[in-house]
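**Q** What follows is the residue order along each chain.
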Amino acid sequence: MASHYEAPIRRPLITGEKSFHDVTVDVARPVEGKANKAWWIVFSIALVAFLWGIGCIIYTVTTGIGVWGLNKTVNWAWDITNFVWWVGIGHAGTLISAVLLLFRQKWRMAINRSAEAMTIFAVFQAGLFPIIHMGRPWLAYWVLPIPNQFGSLWVNFNSPLLWDVFAISTYLSVSLVFWWTGLLPDFAMLRDRAVRPFQKKIYALVSFGWSGRAKDWQRFEEVSLVLAGLATPLVLSVHTIVSFDFATSIVPGWHTTIFPPYFVAGAIFSGFAMVNTLLIIMRKVCNLEDYITVQHIELMNIVIMLTGSIVGVAYITELFIAWYSGVEYEQFAFLNRATGPYWWAYWCMMSFNVFSPQFMWFKKLRTSIMFSFFISIVVNIGMWFERFVIIVTSLHRDYLPSSWTMFSPTFVDIGIFIGTIGFFFVLFLLYSRTFPVIAQAEVKTILKSSGERYKRIRENGDSLSGTG
Amino acid sequence: MEYKISNRLRTGAIILMILGALGVGYGFIDSHSVNEDNIVEFLANESHHDGEHATEAQGVEEVHGESTDDIEKDHGHGAEAEVEGHELSHEEHVLHQLHNRPYAALYVAAFFFFMISLGVLAFYAIQYAAQAGWSPVLFRVMEGITSYVLPGGLIVLLIVLVADSHIFIWMDENVVAHDALIQNKSSWLNKTWFMIRGLIFLGGWSTYRHFSRKFSVAQDLADINDNSNFKKNFRISAAFLVFYIYTESMMSWDWIMSVDPHWFSTLFGWYVFASMFVSGITVIALVTIYLKSKGLLEFVNDSHIHDLAKFMFGISIFWTYLWFSQFMLIWYANIPEEVTYFVTRIEDYNLPFFGMVALNFLFPLLLLMNSDYKRIPWFVVMAGVVILFGHYLDIFNMIMPATVGDRWFIGIPEIGSMLFFAGLFIFIVFTSLGKHPLLAKGNPFIKESEHFHY
Chain D
1 MASHYEAPIR RPLITGEKSF HDVTVDVARP VEGKANKAWW IVFSIALVAF
51 LWGIGCIIYT VTTGIGVWGL NKTVNWAWDI TNFVWWVGIG HAGTLISAVL
101 LLFRQKWRMA INRSAEAMTI FAVFQAGLFP IIHMGRPWLA YWVLPIPNQF
151 GSLWVNFNSP LLWDVFAIST YLSVSLVFWW TGLLPDFAML RDRAVRPFQK
201 KIYALVSFGW SGRAKDWQRF EEVSLVLAGL ATPLVLSVHT IVSFDFATSI
251 VPGWHTTIFP PYFVAGAIFS GFAMVNTLLI IMRKVCNLED YITVQHIELM
301 NIVIMLTGSI VGVAYITELF IAWYSGVEYE QFAFLNRATG PYWWAYWCMM
351 SFNVFSPQFM WFKKLRTSIM FSFFISIVVN IGMWFERFVI IVTSLHRDYL
401 PSSWTMFSPT FVDIGIFIGT IGFFFVLFLL YSRTFPVIAQ AEVKTILKSS
451 GERYKRIREN GDSLSGTG
Chain E
1 MEYKISNRLR TGAIILMILG ALGVGYGFID SHSVNEDNIV EFLANESHHD
51 GEHATEAQGV EEVHGESTDD IEKDHGHGAE AEVEGHELSH EEHVLHQLHN
101 RPYAALYVAA FFFFMISLGV LAFYAIQYAA QAGWSPVLFR VMEGITSYVL
151 PGGLIVLLIV LVADSHIFIW MDENVVAHDA LIQNKSSWLN KTWFMIRGLI
201 FLGGWSTYRH FSRKFSVAQD LADINDNSNF KKNFRISAAF LVFYIYTESM
251 MSWDWIMSVD PHWFSTLFGW YVFASMFVSG ITVIALVTIY LKSKGLLEFV
301 NDSHIHDLAK FMFGISIFWT YLWFSQFMLI WYANIPEEVT YFVTRIEDYN
351 LPFFGMVALN FLFPLLLLMN SDYKRIPWFV VMAGVVILFG HYLDIFNMIM
401 PATVGDRWFI GIPEIGSMLF FAGLFIFIVF TSLGKHPLLA KGNPFIKESE
451 HFHY
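Chains D and E are the protein sequences, given in the same order. Mapping the first sequence onto the working numbering, position 109 (from 1) lands on 109, and the numbers just tick up by one. Mapping the second sequence onto the working numbering, position 285 (from 1) lands on 285, and the numbers just tick up by one.
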């Protein structure tokens with residue numbers, strides 16, 4: 001794939017005196033060891049939040065959507081905000097594993113596994129909202145075009161909400177397959193190292209009998225490449241279709257053609273921020289600082305800075321075109337965002353999304369782990385506000401002033417959102433104790449080209465033979 | 001590796017320019033052969049010749065009946081018609097369209113070649129900012145192509161200056177006086193401010209291009225461990241990309257979107273970007289293959305061609321994505337003030353409008369899907385020619401409906417303009433290619449790039 005020569009100015013991606021065996025041991029350690037107290041505490045908190053969320057969901061479904069803060073004018077708010085937010089977060093995983101693979105970015109290898117896990121768990125959370133925000137969720141299966149006793153009553157394929165069904169379900173299944181394929185060699189490694197029979201059995205089961213023959217590796221690579229090629233348009237189209245939910249409408253503030261690429265940019269932006277949040281903690285608690293280095297965090301910060309700037313350009317474009325269009329509804333929609341009753345949400349969004357990533361232009365700040373962690377949280381809050389602002393401020397004041405109203409969430413709205421955060425962390429915490437969180441098979445392929453130790457040997461002009 | 005533009009290529013380019021200039025000149029003379037005095041006769045003759053018209057319209061009277069319809073379809077110049085008391089007669093309207101044609105043809109061709117070099121400049125800056133290891137062997141090719149940014153851009157602005165309301169209806173004071181919508185925009189859409197903006201954009205782009213070229217050449221001569229010129233280039237590339245992302249959008253609103261001053265689309269700037277980016281990459285591939293065929297780029301192997309072809313493939317799909325997003329959203333919502341844009345195009349430009357999608361999407365998708373094909377030079381050239389023609393049509397579809405309406409044709413004025421700018425482009429680009437060695441040997445990634453294998 002890559003050449004054998006690497007420019008000396010490239011910095012090492014794996015620090016420390018790592019050998020192939022060290023990689024194995026480092027990656028297997030969290031899985032083979034026992035969970036500590038801190039893990040149990042965090043897990044319990046997440047579980048409680050999750051259970052509280054389930055309670056709220058059951059309450060909603062059994063009592064009715066009226067327990068939420070929605071009204072006749074603002075009939076989408078926290079539900080769809082959270083949905084789009086979670087889908088957006090889910091995009092970074094595919095971005096890292098697919099797009100960065102297509103662009104031959106070696107640094108992706110230390111982070112792709114966790115990013116994909118995050119994708120899948122985030123899409124789970126997202127997938128809840130389209131169902132629970134229905135008035136009659138028990139009829140949700142009607143969105144599927146299945147032959148039935150109603151004279152084959154079918155769905156209307158013109159609705160972006162139906163496209164959502166296809167987009168999200170395809171996205172989840174492709175991501176899952178992509179993730180699992182990559183896991184095969186790593187599960188096989190855990191299988192081969194397992195000492196307890198139960199663990200051996202489990203990892204033997206999930207690794208599908210991977211034995212790492214040349215032919216298998218060759219096909220493995222090719223499948224990865226094809227899936228990456230398919231996942232890239234998929235990731236673009238999924239968030240595009242999510243953006244169509246708004247952009248196909250005629251609501252001022254929603255109907256705008258820039259939404260498809262701009263939502264995608266926002267998704268990469270928030271997704272990378274979430275990856276940063278998770279990995280900054282993970283590298284510390286799992287002792288993976290040699291694999292997820294400051295350079296990885298710096299590069300993710302650069303992606304955040306880049307996509308944050310693209311989002312900024314989109315905001316400015318929308319503002320300019322609203323003025324340029326001469327459409328007073330459109331102009332009012334943006335005036336209302338900036339100066340109306342939800343001005344605070346708009347300015348949170350603006351300052352968190354557009355201004356905060358600009359700090360990353362300073363090398364000192366983007367290589368600071370504390371600062372990166374702080375900004376990654378800020379970005380995620382900002383991106384939640386972005387969806388909230390787009391959805392609520394456009395709905396609560398549109399064409400007819402007699403329909404103008406306000407929105408405020410109830411504890412159930414909030415409870416469900418907290419529940420999804422809890423569920424997400426339950427899954428992610430379980431994952432980090434049972435899955436190889438770094439794609440060790442992939443990392444080993446770059447150890448000799450980008451490992452600190454091997455780089456030094458090569459720069460000294462010594463031979464690499466016998467150093468494996 | 002030294003390169004000098006060959007006499008054959010130079011003569012060829014000059015011949016293209018002369019032929020093109022003759023075509024352009026003919027276009028202006030021909031279009032003005034119809035004027036106020038003989039327009040009625042011209043229309044009568046036309047309806048006599050044209051079967052469809054002949055059955056529908058027996059006389060000039062009938063044509064008058066059709067005219068409101070005609071004018072409404074034509075959105076940009078519909079501005080003229082929407083105003084009370086300022087309705088143009090059918091004759092005047094057609095006369096405008098006929099007279100606009102050579103200007104529009106020239107403008108489309110000028111912008112097309114300019115956008116290629118600007119697209120290459122963006123690609124070049126991205127390669128620097130991303131610290132790409134595969135592309136440094138192509139840097140000199142890219143630098144050669146970007147030498148057209150400044151002259152090309154100035155020519156575009158010059159055409160705007162000369163063509164005035166022949167292309168941009170909002171430059172016609174009579175129209176603006178009767179059009180409230182344009183009046184509201186006139187703080188942005190006025191000729192002085194338009195020209196100042198254009199010069200600022202061009203100034204920024206060509207300044208970057210000047211210094212990046214300078215540092216790139218200086219890096220060649222620098223000491224082996226001295227990467228200071230490279231680092232400077234890295235920094236100014238990042239700064240340029242920020243400048244570019246803003247100015248490119250504004251440039252598309254100004255130079256293209258405002259030909260239909262009533263219409264607006266937030267996606268437009270990025271859509272134009274995709275078009276220029278894919279055309280630029282295609283031209284990098286074509287020039288590389290040409291120079292390689294002359295035996296001048298021995299360090300370029302088929303993996304480099306493969307990578308370029310992958311970009312042509314990928315960005316073609318990206319372009320289609322943006323085309324579809326813009327089209328579908330407007331079609332779906334069907335809001336009258338936006339949808340006229342596509343109504344005109346589908347009714348009057350059916351073949352170029354949808355044909356372009358086939359050329360820009362289906363062909364690259366099918367031709368460049370296979371990884372073996374992406375390594376075959378003649379295959380990449382074939383696909384490249386299709387892509388370039390497709391994106392010429394893309395620009396054609398953006399400009400023509402607002403300027404010549406349904407009186408479009410790809411004839412002598414259009415082909416002449418294309419030939420002229422093709423000749424100029426080849427002349428400037430290949431002269432510039434001959435100024436410095438074709439291998440940027442001081443680049444710290446050059447060895448990685450020479451050994452690149454995919």
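These are computed hints drawn from the structure, not numbers from a lab. No residue lacks a Cβ here, since even glycine has one placed at the ideal position from N, Cα and C. Worth double-checking, as some hints may not be accurate.
To be verified - Under 10 Å between C-beta atoms, here's a sample of chain E residues computed to sit facing chain D:
#1 Phe-194
#2 Leu-267
#3 Phe-268
#4 Met-328
#5 Ile-335
#6 Lys-441
#7 Glu-450
**Q** All the hints need checking, so say for each whether the structure fits it.
**A** Consistency of the hints with the structure:
{"no.": "1", "hint": "Phe-194", "in the structure": "violated (14 Å)"}
{"no.": "2", "hint": "Leu-267", "in the structure": "holds (4 Å)"}
{"no.": "3", "hint": "Phe-268", "in the structure": "holds (8 Å)"}
{"no.": "4", "hint": "Met-328", "in the structure": "holds (8 Å)"}
{"no.": "5", "hint": "Ile-335", "in the structure": "holds (6 Å)"}
{"no.": "6", "hint": "Lys-441", "in the structure": "violated (14 Å)"}
{"no.": "7", "hint": "Glu-450", "in the structure": "holds (9 Å)"}
Violated hints, listed in ascending order, are 1, 6; each of the other numbered hints is respected by the structure.
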